[in-house]
Every structure is written in C-alpha cells, then in structure tokens.
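Colleague: Next come the chains, spelled out residue by residue.
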Amino acid sequence: MFTKILVANRSEIAVRVIRACREMGIRSVAVYSEADRESLHVRLADEAVCIGPAPASASYLNVEAILSAAKVTGAEAVHPGYGFLAENADFSQACADSGLVFIGPKPDAVRRLGFKSEARDLARKAGVPIVPGSAGLLGSDYAAEAAKVGFPVMVKAAAGGGGKGLRLVRDPKDLDAQVRMAKAEAGSAFKDDSIYLEKFIEHPRHVEIQIAADTAGGVVAFPERDCTVQRRHQKLIEESPSPAVTPDIRRRMQEAARALAKAAGYSNVGTVEFLLDTDGSFYFMEVNTRLQVEHPVTELVTGLDLVQMQIRLAAGEKLPLGQERASEIRAHSIEHRVNAEDPARSFAPCPGTITALSLPGGPGVRVDTHVYAGYTVPSYYDSLIAKLIVSAPDRPAAISRGLRALGEFRIEGIKTTLPFHREVLAHPLFGGGVFDTGFISVMGDAPAVKEKQPVS
Amino acid sequence: MNHDELKEVMEWAKTTDLVELEFRRDDRGFSFSKRPKAPTAVCSFPGRNLAAVSSPAVGVFQWNAPGSPRLALEGKPVAKGTLLGLVEGVGAPKKVEAPCGGVLQNVCVDAGQTVQFGQPLFFIDRKD
Numbered sequence: 001m002f003t004k005i006l007v008a009n010r011s012e013i014a015v016r017v018i019r020a021c022r023e024m025g026i027r028s029v030a031v032y033s034e035a036d037r038e039s040l041h042v043r044l045a046d047e048a049v050c051i052g053p054a055p056a057s058a059s060y061l062n063v064e065a066i067l068s069a070a071k072v073t074g075a076e077a078v079h080p081g082y083g084f085l086a087e088n089a090d091f092s093q094a095c096a097d098s099g100l101v102f103i104g105p106k107p108d109a110v111r112r113l114g115f116k117s118e119a120r121d122l123a124r125k126a127g128v129p130i131v132p133g134s135a136g137l138l139g140s141d142y143a144a145e146a147a148k149v150g151f152p153v154m155v156k157a158a159a160g161g162g163g164k165g166l167r168l169v170r171d172p173k174d175l176d177a178q179v180r181m182a183k184a185e186a187g188s189a190f191k192d193d194s195i196y197l198e199k200f201i202e203h204p205r206h207v208e209i210q211i212a213a214d215t216a217g218g219v220v221a222f223p224e225r226d227c228t229v230q231r232r233h234q235k236l237i238e239e240s241p242s243p244a245v246t247p248d249i250r251r252r253m254q255e256a257a258r259a260l261a262k263a264a265g266y267s268n269v270g271t272v273e274f275l276l277d278t279d280g281s282f283y284f285m286e287v288n289t290r291l292q293v294e295h296p297v298t299e300l301v302t303g304l305d306l307v308q309m310q311i312r313l314a315a316g317e318k319l320p321l322g323q324e325r326a327s328e329i330r331a332h333s334i335e336h337r338v339n340a341e342d343p344a345r346s347f348a349p350c351p352g353t354i355t356a357l358s359l360p361g362g363p364g365v366r367v368d369t370h371v372y373a374g375y376t377v378p379s380y381y382d383s384l385i386a387k388l389i390v391s392a393p394d395r396p397a398a399i400s401r402g403l404r405a406l407g408e409f410r411i412e413g414i415k416t417t418l419p420f421h422r423e424v425l426a427h428p429l430f431g432g433g434v435f436d437t438g439f440i441s442v443m444g445d446a447p448a449v450k451e452k453q454p455v456s
Numbered sequence: 001m002n003h004d005e006l007k008e009v010m011e012w013a014k015t016t017d018l019v020e021l022e023f024r025r026d027d028r029g030f031s032f033s034k035r036p037k038a039p040t041a042v043c044s045f046p047g048r049n050l051a052a053v054s055s056p057a058v059g060v061f062q063w064n065a066p067g068s069p070r071l072a073l074e075g076k077p078v079a080k081g082t083l084l085g086l087v088e089g090v091g092a093p094k095k096v097e098a099p100c101g102g103v104l105q106n107v108c109v110d111a112g113q114t115v116q117f118g119q120p121l122f123f124i125d126r127k128d
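Chains A and B are the protein sequences, given in the same order. Per our numbering, the very first residue in the first sequence carries number 1; after that it's consecutive. Per our numbering, the very first residue in the second sequence carries number 1; after that it's consecutive.
Heads up, a few of these hints could be off.
Listing some non-contacts, in silico: residues in chain B with all C-beta distances to chain A over 12 Å [what the hints assert, rightly or not]:
no. : residue
1   : E8
2   : T16
3   : D17
4   : F32
5   : S33
6   : P69
7   : L71
8   : E74
9   : E88
10  : G91
11  : Q116
12  : K127
Only some residues are given here: those of chain A computed to face chain B with a beta carbon under 10 Å [claimed, not checked]:
no. : residue
13  : E34
14  : C50
15  : I51
16  : P55
17  : S57
18  : A65
19  : L67
20  : S68
21  : A70
22  : K71
23  : A94
Hints in this document: simulated from the structure, not taken from any laboratory. Quick caveat: nothing in here was measured; it's all calculated off a predicted structure. Cβ atoms here follow ideal geometry from the backbone N, Cα and C, with glycine treated the same way.
Based on the provided sequences and hints, a complete structural model is requested.
Modeller: If you want it as structure tokens, here you go:
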C-alpha cells in the first residue's frame with residue numbers, strides 16, 4: 001500500500017480523498033492555488049503545496065506543477081478527484097512516466113472510452129445497446145433509413161456540437177425539409193454537411209451504473225444511480241435505486257456495464273451512463289473514467305467506501321467483493337448538490353463570503369463540503385460548495401429525511417440552491433417518481449406543496 | 001526634589017499603568033504624561049522600497065545551472081533581469097530573475113531547499 005498520496009484537486013472532493021487517506025493510515029498532500037489558501041482541504045491534509053495562481057490553467061490543470069509537487073513531497077500516487085485532470089489520458093501517462101501511480105484507469109482504457117464514437121463502437125461490439133440510428137452517414141436513401149429507425153428521429157450533424165445542425169423530426173412528411181435545413185446549417189457551421197439519424201427518446205431518464213474493476217480482469221457493477229433531475233445537462237439531484245428501474249432492468253444494465261468494462265480492459269472505478277426509455281429499453285451514452293460527484297449515493301446504498309476501494313485497486317489489490325455483494329441494496333439514498341448559485345436568477349453563480357453556516361445532522365445525514373463560516377467562495381472555479389446525502393430504508397423515508405435535513409441546513413451571506421432542493425423534494429412529481437430529464441422545466445406547471453417552515 | 005529623585009520616580013511610574021502624574025509642593029513640582037502625542041506630521045518611512053521576488057514554481061531551488069556561478073549575493077547590486085536562481089521540478093528549470101534593479105537586500109532561500117509557488121525568495125532594495 002502507498003504511504004503518501006498527492007490529491008490533485010480542490011474543494012469537497014479533495015477533502016473526501018484526504019479523509020479516505022487518513023482512515024487508511026496514508027499521508028496526504030494537498031495542492032492548492034493562491035485563491036484556495038483558506039480552503040478546508042489545505043488544512044486537513046498532512047502537507048500542502050501552493051502550485052500556482054488562481055486560474056485553473058496555471059494551477060489545477062498545470063501538469064508540471066502537480067508532478068513537481070509530487071516529486072518534492074515524495075508522494076507515490078496521485079488521486080485526481082473529478083474534473084480538472086481526472087479524465088486526461090496524457091496526465092495519467094505523465095504520472096506513469098514520472099514513476100507515480102495514477103489512481104484511476106490506465107491511459108489506453110481512458111483513450112478507448114474517451115472518444116464518443118470509439119466508445120460507441122466498443123459498446124456495439126460488446127453487445128451493449130446503443131441508441132438506434134442510421135448505419136453511418138446519410139445518403140440519398142435517408143427516407144428508408146428514417147423509416148427503419150422509427151419516428152420521431154433526430155437529424156444530427158456528424159461534425160456537430162452546440163446544438164447546430166440538430167433537427168427533431170416527428171412526422172415523416174417533414175423529413176425532406178428538415179434534412180435539407182440540417183445539411184445547410186451543418187455546412188455553414190462546420191464546413192461539413194454530413195449528417196446522420198438517431199432515434200429520438202421522448203421521455204429519457206438519465207440512469208448510470210457504477211463499476212469497479214481490478215487489473216486481473218474482475219469487474220463488478222453496483223446498483224444504478226438515477227440522475228434525471230438536471231438543469232442544462234448539469235445534474236442537481238441523484239438517487240439510488242431509481243424509481244423507474246425494475247430488478248430485471250437493473251440486472252441487464254449491470255451486465256451491459258460489466259461487458260463494456262471487460263471489452264475496454266478497464267480497471268479502477270468508473271461509471272457507464274445510459275438513457276432509459278419509458279418502455280424499459282436503455283441505451284449506452286458514455287463512460288466516465290473517474291470517480292463521480294455522486295459516488296456517495298452508491299456508498300450509502302451499498303455500505304462500501306468507493307474512494308478507499310479506488311486506492312486499493314490502484315495499489316494492485318484484487319476486488320474485495322463479488323457481484324452478489326455489489327448488487328446488494330441496503331438503503332435508499334438521495335444526494336443534493338448545493339451550489340453557490342441563485343435559483344431565482346436562473347442559477348447565476350453567486351461567489352462571496354459565507355457569514356454563517358449550520359450543517360444538518362442526525363440519523364442518515366451526510367454532508368461533504370470544504371466550506372465553513374467565514375470562508376469566501378472564489379469565483380474562479382465551479383460553484384459546488386456542499387453535497388447533502390441522505391439515506392433511509394425506502395424512498396418515501398429518504399424524501400422525508402431529505403426535507404428535514406434541508407430545513408436544518410443554513411448558509412448565510414451568499415445565495416445557494418438550497419431553496420430549489422426543498423421545492424423539488426416537496427414536489428408531487430418528484431414524490432411520484434415518474435418524470436424525465438425535462439422535470440425542472442415542467443416543475444412550475446404542477447402545484448408545488450407549500451414549503452414547511454424550517455425547524456427553529 | 002533633585003534630579004536623581006525625579007529619575008527614580010519616573011522609573012517607578014514606568015512599572016505602573018499610570019498615564020499622567022502631577023506633583024506640587026510650595027508652587028514647585030513636576031508633571032509628566034505617558035499619553036502618546038498625536039503625530040504632528042505625516043510619518044515618513046526611510047527611503048527604502050523593497051520588492052519581493054517570489055518563486056515561479058514548485059521545486060528545488062538552485063543558485064544556477066551546474067558549473068555556473070551564483071549571482072545572487074546579499075548586499076550586492078543586481079540589474080533588472082539578473083538571474084538569481086533556478087527552480088528545478090518536472091520539466092525545464094524555471095528561472096528566478098530580478099524584476100527590477102537595486103541592491104539584493106535579503107536572501108531567504110538556500111540551494112537544495114524545496115520551494116512552492118509564490119514563496120518569497122529575495123527582497124531587493126529597488127533603485128529604479
């Protein structure tokens with residue numbers, strides 16, 4: 001086992017990794033930018049090294065600075081957290097070249113799964129369902145292709161991005177016009193007018209499977225996490241198990257995720273993301289080759305420590321459990337991402353000084369955070385300041401517990417998404433469990449339950 | 001009261017938290033005050049203008065490349081751009097250069113020492 005690990009990240013995830021190290025008797029090295037001098041991770045680590053100025057490009061994304069810090073402190077391994085360099089194959093290669101163990105998958109597996117088209121090919125070969133679509137780029141026979149896929153279809157630019165060249169076609173008679181427009185748009189935006197077709201999933205849920213793999217080829221898949229409550233593709237609430245997943249869907253999803261991990265030669269922890277249709281079909285989206293923000297949900301459902309497992313797997317240990325244990329659902333868990341954003345002003349970032357802070361507690365309540373009263377949220381980085389994760393025997397109990405904990409949670413001095421979370425949890429649609437990724441945009445349309453007064 | 005006696009009283013007064021003391025006998029006596037007087041003029045500091053030179057990177061400090069002389073000597077004049085040292089980490093060594101001309105007032109680092117980004121290494125009494 002390692003004796004010293006450098007944590008190449010900031011915020012709550014750096015705190016999370018430092019805690020795992022402390023419990024395992026491993027010394028931790030924090031790195032920080034000049035804007036994070038007062039962050040909790042700097043105080044909690046055994047050692048802390050300033051690696052650069054506030055902009056991430058010069059600090060948390062500065063490979064030379066991070067590797068230099070590892071070298072001067074004698075760290076043997078680097079934990080990348082999530083974001084920043086966590087899914088950068090060149091960084092994990094650079095770690096290996098410097099004689100450091102990168103706590104994550106090997107660079108070649110990251111490269112195989114990092115490119116969406118390659119990951120899709122790999123999924124197809126592994127027998128993992130992908131969103132049905134045209135066989136390659138569209139030619140003049142697009143009408144036949146569209147009929148084969150089935151309406152509604154999405155016409156997409158091959159060189160696409162940013163919603164350009166993206167056309168939804170519900171009615172076959174609109175296809176000609178929409179294909180022409182998509183081609184014209186793609187041609188002017190990307191200088192490449194090639195397009196392809198994909199089935200449009202009308203009411204998708206975002207469901208993902210956490211996996212863990214050792215270097216000997218062992219792979220296990222944990223119960224799913226449902227991340228359907230999103231705003232502009234940003235996850236806000238995650239829960240496990242999903243109210244929309246049956247034991248049969250769960251088993252098939254876990255098998256698909258394990259097959260893909262094996263086909264990719266994957267090791268360490270990762271997440272396979274799927275779109276779940278209302279009929280129970282699911283389609284592969286992408287693989288996140290890192291620890292996820294929402295990993296605590298799985299920890300509370302399974303009673304396992306994924307960060308410690310990650311460190312042990314990186315040190316070459318075998319998986320400590322089999323699929324049967326990994327599948328065990330011991331609780332229902334919900335995570336709320338508390339961001340320094342103002343929900344009343346379309347979630348505009350709201351950095352500033354936290355003048356007073358009171359964290360919730362009691363049974364089944366966990367808070368992962370790097371902030372404290374008097375801490376100033378810097379404006380340079382993302383706005384996540386805390387994660388509230390609750391667990392209870394079942395979903396209704398978890399919702400009640402979540403409402404109770406959110407009522408206790410006070411952050412003063414800055415605006416946060418706490419009121420938004422109370423609104424979602426109290427919403428009948430959320431309570432009913434039947435909703436899709438458009439939940440937030442339709443939230444206002446149904447009558448929300450009047451928010452209870454927080455306990456004084 | 002003679003001079004020695006007065007001195008004795010003043011020494012004693014210093015050991016107490018007395019702020020003012022007045023003594024009179026037969027129209028003669030003394031008074032003194034420990035209250036600080038309001039400054040009569042804007043305080044002026046000596047004409048010294050120190051510029052800090054901080055480390056540009058994480059690494060191990062060296063005076064110069066192997067076989068090249070140390071140029072940063074305390075009390076010696078330096079010109080803007082004078083090489084004061086090198087920080088060796090992963091990648092090419094990062095140069096520490098004088099940001100201004102002047103006299104190298106303080107050297108706060110030694111060869112072989114581990115330094116982090118932003119750590120003060122030198123102070124230059126600037127002359128420009």
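Colleague: If a hint holds in the structure, say so; if it doesn't, say that too.
Modeller: A quick look at each hint next to the structure:
With 12 Å as the threshold on Cβ separation, the claim that E8(B) sits away from chain A holds: the shortest Cβ distance comes to roughly 51 Å. No beta-carbon of chain A comes within 12 Å of the beta-carbon of T16(B); the shortest separation is about 39 Å. At roughly 34 Å, the least C-beta separation between D17(B) and chain A is larger than 12 Å, which holds for a residue marked as non-interface. The non-interface label for F32(B) is consistent with chain A: the shortest C-beta to C-beta separation is roughly 45 Å, beyond 12 Å.
The claim that S33(B) lies off the interface holds: its Cβ sits roughly 41 Å from the closest Cβ of chain A, which is beyond the 12 Å cut-off. Distance check for P69(B) against chain A: the nearest CB is about 25 Å away, which clears 12 Å, and the non-interface claim stands. Listed as outside the interface, L71(B) is consistent with that label: its C-beta sits roughly 23 Å from the nearest C-beta of chain A, beyond the 12 Å cut-off. With a minimum CB-CB distance of about 25 Å to chain A, E74(B) clears the 12 Å threshold, and the non-interface call stands.
At the 12 Å boundary, the C-beta of E88(B) falls inside the reach of chain A, the nearest C-beta of that chain being 9 Å off. A beta-carbon of chain A is positioned within 12 Å of the beta-carbon of G91(B); the least distance is around 4 Å. For Q116(B), the requirement that its beta carbon stay farther than 12 Å from each beta carbon of chain A is not met, with the minimum near 5 Å. For K127(B), the condition that its CB be more than 12 Å from all CB atoms of chain A holds, with the nearest at approximately 28 Å.
At about 6 Å, the closest approach between the beta carbon of E34(A) and any beta carbon in chain B falls short of 10 Å, and the interface hint on this residue holds. Below 10 Å, beta-carbon pairs count as interface contacts, and C50(A) has one with chain B at about 5 Å; its hint therefore holds. Of the supplied interface hints, the one on I51(A) holds, with its beta-carbon coming within about 5 Å of a beta-carbon of chain B, less than 10 Å. For the restraint placing P55(A) at the interface with chain B, the shortest Cβ-Cβ distance is roughly 13 Å, beyond the 10 Å limit, so the hint is violated.
Here the hint on S57(A) is broken, as its CB sits about 14 Å from the closest CB of chain B, past 10 Å. For A65(A), the suggested interface contact is upheld, since its CB lies about 5 Å from the closest CB of chain B, less than 10 Å. With a least beta-carbon distance of about 4 Å to chain B, the hint placing L67(A) at the interface is held under the 10 Å criterion. About 3 Å separates the beta-carbon of S68(A) from the nearest beta-carbon of chain B, less than 10 Å, and the hint is met.
The interface hint given for A70(A) is met, as the beta carbon of that residue sits about 8 Å from the closest beta carbon of chain B, less than 10 Å. A cut of 10 Å between beta carbons decides the hint on K71(A): the least distance to chain B is about 6 Å, and the hint holds. Given hint, A94(A) at the interface with chain B, holds; its Cβ is 8 Å from that chain's nearest Cβ, closer than 10 Å.
The structure fails to meet hints 9, 10, 11, 16 and 17 from the earlier list, while all remaining hints are met.
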